[in-house]
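A.B. asks: Letter by letter, the chains look like this.
Protein chains: 2
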Amino acid sequence: MKIIVAGGDGFCGWPTALYLSKQGHDVVIVDNLVRRVIDGELKANSVFPIQELSERVHIWQQVSGCGLSYEVGDVNDYDFLAHIFQTHRPHAFVHYAEQRSAPYSMISRKHAVYTQKNNVLGTLNVIYAIHEFAPDCHLIKLGSMGEYGSPNIDIEEGYLNVTHNGRSERFLYPKTPMSFYHLTKVHDSHNIHFAAKIWGLRATDLNQGVVYGIHTDETRLDRGLLNRLDYDGIYGTALNRFIIQAAIGESISVYGKGGQSRGFIHIMDTVRCIGLAAEHPAEPGEMRVVNQFTESFSVLELAEKVARVAEGMGLSPKVNHVPNPRVEKEAHYFNAKNTQLSDWGLDAHLLTDDVIAEAIEEVQHYKDRIITEQLLNSPDWRK
Amino acid sequence: MKIIVAGGDGFCGWPTALYLSKQGHDVVIVDNLVRRVIDGELKANSVFPIQELSERVHIWQQVSGCGLSYEVGDVNDYDFLAHIFQTHRPHAFVHYAEQRSAPYSMISRKHAVYTQKNNVLGTLNVIYAIHEFAPDCHLIKLGSMGEYGSPNIDIEEGYLNVTHNGRSERFLYPKTPMSFYHLTKVHDSHNIHFAAKIWGLRATDLNQGVVYGIHTDETRLDRGLLNRLDYDGIYGTALNRFIIQAAIGESISVYGKGGQSRGFIHIMDTVRCIGLAAEHPAEPGEMRVVNQFTESFSVLELAEKVARVAEGMGLSPKVNHVPNPRVEKEAHYFNAKNTQLSDWGLDAHLLTDDVIAEAIEEVQHYKDRIITEQLLNSPDWRK
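Which chain is which? The protein sequence lines are A and B, in order. With numbering that gives the first Met the number 0, letter number 302 in the first sequence gets 301, and the count goes up by one each step, no holes. With numbering that gives the first Met the number 0, letter number 52 in the second sequence gets 51, and the count goes up by one each step, no holes.
Just chain A, with the same shape it has in the complex (with noise of 0.2 angstroms):
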């Protein structure tokens, strides 16, 4: 199958180009590669050294011999765009090439700005691509379990039906989504939802847990094929702060009480639902939703696994609270359906001991690359 994996020198995109070239696929990857730039920007950096897009790609093909090629370029210019789907003809289109982070989104309103500009019309333009040159390629859009927020009901997996007043109708669900960030991902689901109806559109939206785990399979294979790990309060997940902190001996900080619920999912699953959603494409007309995640935590019993674990390799981290630049509520209801992935029959990794302490030993190799006073840098929401 040929696939494009717009995104695909990211932290998901990389090791899922890597994963789908390695089952066989064609894989091209798109991307502008502004990752390395907002770096530049953030004064930020990943714990791990990240080869240039060419070299990598160019060692991905000496060590597997699998196919693999690349095109620089963004989607919001759609000149590239149809250049990239006349030359490839598609088969699918996973769609990772968005801003991604929320606290980034919140920096400035010339960040709010960028991102739902970047986001929402790059897509646009995707889905118009698709339209104009490859009606039959199928869409694997990436969404967020963020996208949600914290209803007091179940979360169901992407649609509700609602039975008011002695009627019934099936909705998309709806969201409460909690950064400009995330509201991109609702409005990406409107427009993409809409082209399905009208168009005939195949999609699969993806919302996807938080993202964790250093290897995957094929990144394995060569230090040069190593992933980013980011641990700044934008780009940083709260597992990753914590597993950084415990690296380095620093306390562990929880925003507030800490008992924000999320789903988690590790980067090697992350691929290989990708790798599942291209092998069981979309019908026509189809905008799929699946919640792609596999356990649920709260930060604070993140915070304490790690510690634990820490502990056990003769580190002593102590947890405290520091004040949450977010808003969001700190207790909630939380109880999201994710039965698409195990109908797919995902046998799921889990967050094991044994993953935090191979994170924790990785990251002490890289240490003297962290730059401390990121780890705690998000912007406050309320400014």
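Fair warning: there could be bad hints in the mix.
[Claimed, not checked] BS3-like, lysine-lysine: derived pairs with alpha carbons at most 25 angstroms apart:
1. K196(A) <-> K256(B)
2. K42(B) <-> K366(B)
3. K109(B) <-> K116(A)
4. K116(A) <-> K196(B)
5. K317(A) <-> K366(A)
6. K196(B) <-> K382(A)
7. K42(A) <-> K109(A)
8. K328(A) <-> K256(A)
9. K42(A) <-> K366(A)
10. K42(B) <-> K382(B)
11. K116(A) <-> K42(A)
12. K256(A) <-> K196(B)
13. K328(A) <-> K304(A)
14. K256(B) <-> K317(B)
15. K42(B) <-> K109(B)
16. K109(B) <-> K196(A)
17. K328(B) <-> K256(B)
18. K304(B) <-> K256(B)
19. K196(A) <-> K382(B)
20. K116(B) <-> K109(A)
21. K196(B) <-> K328(A)
22. K109(A) <-> K382(A)
23. K328(B) <-> K196(A)
24. K109(B) <-> K109(A)
25. K256(A) <-> K304(A)
26. K109(A) <-> K196(B)
27. K256(B) <-> K382(B)
28. K317(A) <-> K256(A)
29. K116(B) <-> K196(A)
30. K116(B) <-> K116(A)
31. K42(A) <-> K382(A)
Note that these hints are calculated values from the structure, not bench results.
Based on these hints, arrange chain B on the given structure of chain A.
C.D. replies: For chain B alone, coordinates are given in the frame of chain A:
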């Protein structure tokens, strides 16, 4: 009260600015005049000749002696918007400054992208400007009844209480809009709802029905104050088209069977609703939603109504049916609530035979201006 009317050169904005000015408010029109440029792009026009903004503002000042000024610029230009807020320190910001035609948004990819960029990012700028420069300013935002689509349950006012698996939540009403334009209004509502939560923004989101009517009390005062009237397949409504077709002796053309039901409102009530919203500001942190229409009709009912009135005037229009260029349900459940308007005590102007007859007469005075090939030039949603 100091009130900005953004989009104040348009069909709803112009009479709103005059009405608020007449009510004693200090009104500043903000407009980039793009609607006049689009007339050029589409080779379309208003049935009634409209004066340049500078001229008609001058006429109003002479005729009424009331406060009204204008500033030409774009809400997507944040420097300009910041200047507006810093200079005028508004108590209310009436936001009509959006591309408002569903067919226009469906002409091509460029038109879809322009519409989403202009509307969503423009509104994001407005939200930020209020937060930065006038946090107590009341945002009065125009939405559309078309955002709801045609759900099989009652359409409530903006929110829906859902009970699911024994638990309950109050959500933004889940919407299924059927154009890239209507989608922008849904995106806006989500963005505004979030800003209300995190920053305490005061907002009123007015989901307006189809607006009709030629004059308001204010535009009647001088022919130089005449409002625009669109009849083309892009910016004209079905009702306007029927009136023009009857006036010039053509057949009244209904899209499909004409079973589509919609909410309607007279332009005289549109302007009064804005006045009522301004006098009853939303609370800090509240996004209040009002369904702003006064009556409902199916498209076929409208056609038959216009045909009957025209017959009484000695005209003899036939009603015929043409293929529907839109993707929409031709027959559907429709029961939309509009209780807020009654709570505010709005005594509605209805679509009487006299209103239709006056419209036909007024159009007949200007029938030489009508470009008949523009009447049915809507793009096909499926292309």
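A.B. asks: Evaluate each hint against the coordinates.
C.D. replies: Hint check results:
Straight-line distance between C-alpha atoms of K196(A) and K256(B) comes to about 20 angstroms, which keeps the hinted pair within the 25 angstroms bound. Annotation: proposed proximity of K42(B) to K366(B) holds, straight-line Cα distance about 17 angstroms (limit 25 angstroms). At roughly 14 angstroms between alpha-carbon atoms, K109(B) and K116(A) fall within 25 angstroms of each other, so this suggested pair holds. Straight-line distance between C-alpha atoms of K116(A) and K196(B) comes to about 22 angstroms, which keeps the hinted pair within the 25 angstroms bound.
About 19 angstroms separates the Cα atoms of K317(A) and K366(A), which keeps this hinted pair within 25 angstroms; it holds. A hinted pair counts as satisfied when its Cα atoms are at most 25 angstroms apart, and K196(B) with K382(A) qualifies at roughly 13 angstroms. Our distance criterion of 25 angstroms between C-alpha atoms is met by K42(A) and K109(A), whose separation comes to about 18 angstroms. Between K328(A) and K256(A) the alpha-carbon distance is near 10 angstroms, which keeps this suggested pair within the 25 angstroms criterion.
For the suggested pair K42(A) and K366(A), the alpha carbons sit about 17 angstroms apart, so the restraint of at most 25 angstroms is met. With a C-alpha separation of about 21 angstroms, the suggested pair K42(B) and K382(B) falls inside the 25 angstroms cut-off, and the hint holds. With a C-alpha separation of about 23 angstroms, the suggested pairing of K116(A) with K42(A) holds against the 25 angstroms cut-off. For a cut-off of 25 angstroms, the pair hint linking K256(A) to K196(B) stands: about 20 angstroms separates their Cα positions.
Note on K328(A) and K304(A): the hinted pairing holds, with a Cα-Cα distance of about 22 angstroms set against a maximum of 25 angstroms. Proximity of K256(B) to K317(B) is assessed by CA-CA distance (about 15 angstroms); at most 25 angstroms being required, the pair is judged to hold. Between the alpha carbons of K42(B) and K109(B) the distance comes to roughly 18 angstroms, so the proposed pair stays at or under 25 angstroms and holds. Proximity of K109(B) to K196(A) is assessed by CA-CA distance (about 20 angstroms); at most 25 angstroms being required, the pair is judged to hold.
About 10 angstroms separates the Cα atoms of K328(B) and K256(B), which keeps this hinted pair within 25 angstroms; it holds. Annotation: proposed proximity of K304(B) to K256(B) holds, straight-line Cα distance about 15 angstroms (limit 25 angstroms). Between the alpha carbons of K196(A) and K382(B) the distance comes to roughly 13 angstroms, so the proposed pair stays at or under 25 angstroms and holds. Taking the CA atoms of K116(B) and K109(A), the gap is near 14 angstroms; set against the 25 angstroms cutoff, the hint holds.
Straight-line distance between C-alpha atoms of K196(B) and K328(A) comes to about 12 angstroms, which keeps the hinted pair within the 25 angstroms bound. Annotation: proposed proximity of K109(A) to K382(A) holds, straight-line Cα distance about 14 angstroms (limit 25 angstroms). With a C-alpha separation of about 12 angstroms, the suggested pairing of K328(B) with K196(A) holds against the 25 angstroms cut-off. Our distance criterion of 25 angstroms between C-alpha atoms is met by K109(B) and K109(A), whose separation comes to about 23 angstroms.
Between K256(A) and K304(A), the direct Cα distance comes to roughly 15 angstroms. Compliance with the 25 angstroms bound is thereby established for this hinted pair. Our distance criterion of 25 angstroms between C-alpha atoms is met by K109(A) and K196(B), whose separation comes to about 20 angstroms. For the hint linking K256(B) to K382(B), the alpha-carbon distance of about 21 angstroms falls within 25 angstroms, and the restraint holds. Distance hint between K317(A) and K256(A) is fulfilled; the C-alpha atoms sit about 15 angstroms from each other, no more than 25 angstroms.
Straight-line distance between C-alpha atoms of K116(B) and K196(A) comes to about 22 angstroms, which keeps the hinted pair within the 25 angstroms bound. Distance check on the hinted pair: K116(B) and K116(A) sit about 7 angstroms apart at the alpha-carbon level, within 25 angstroms; holds. For the hint pairing K42(A) with K382(A), the CA-to-CA distance comes to about 21 angstroms; that is within 25 angstroms, so the pair holds.
When the structure is compared with the earlier hints, no violation turns up for any of them.
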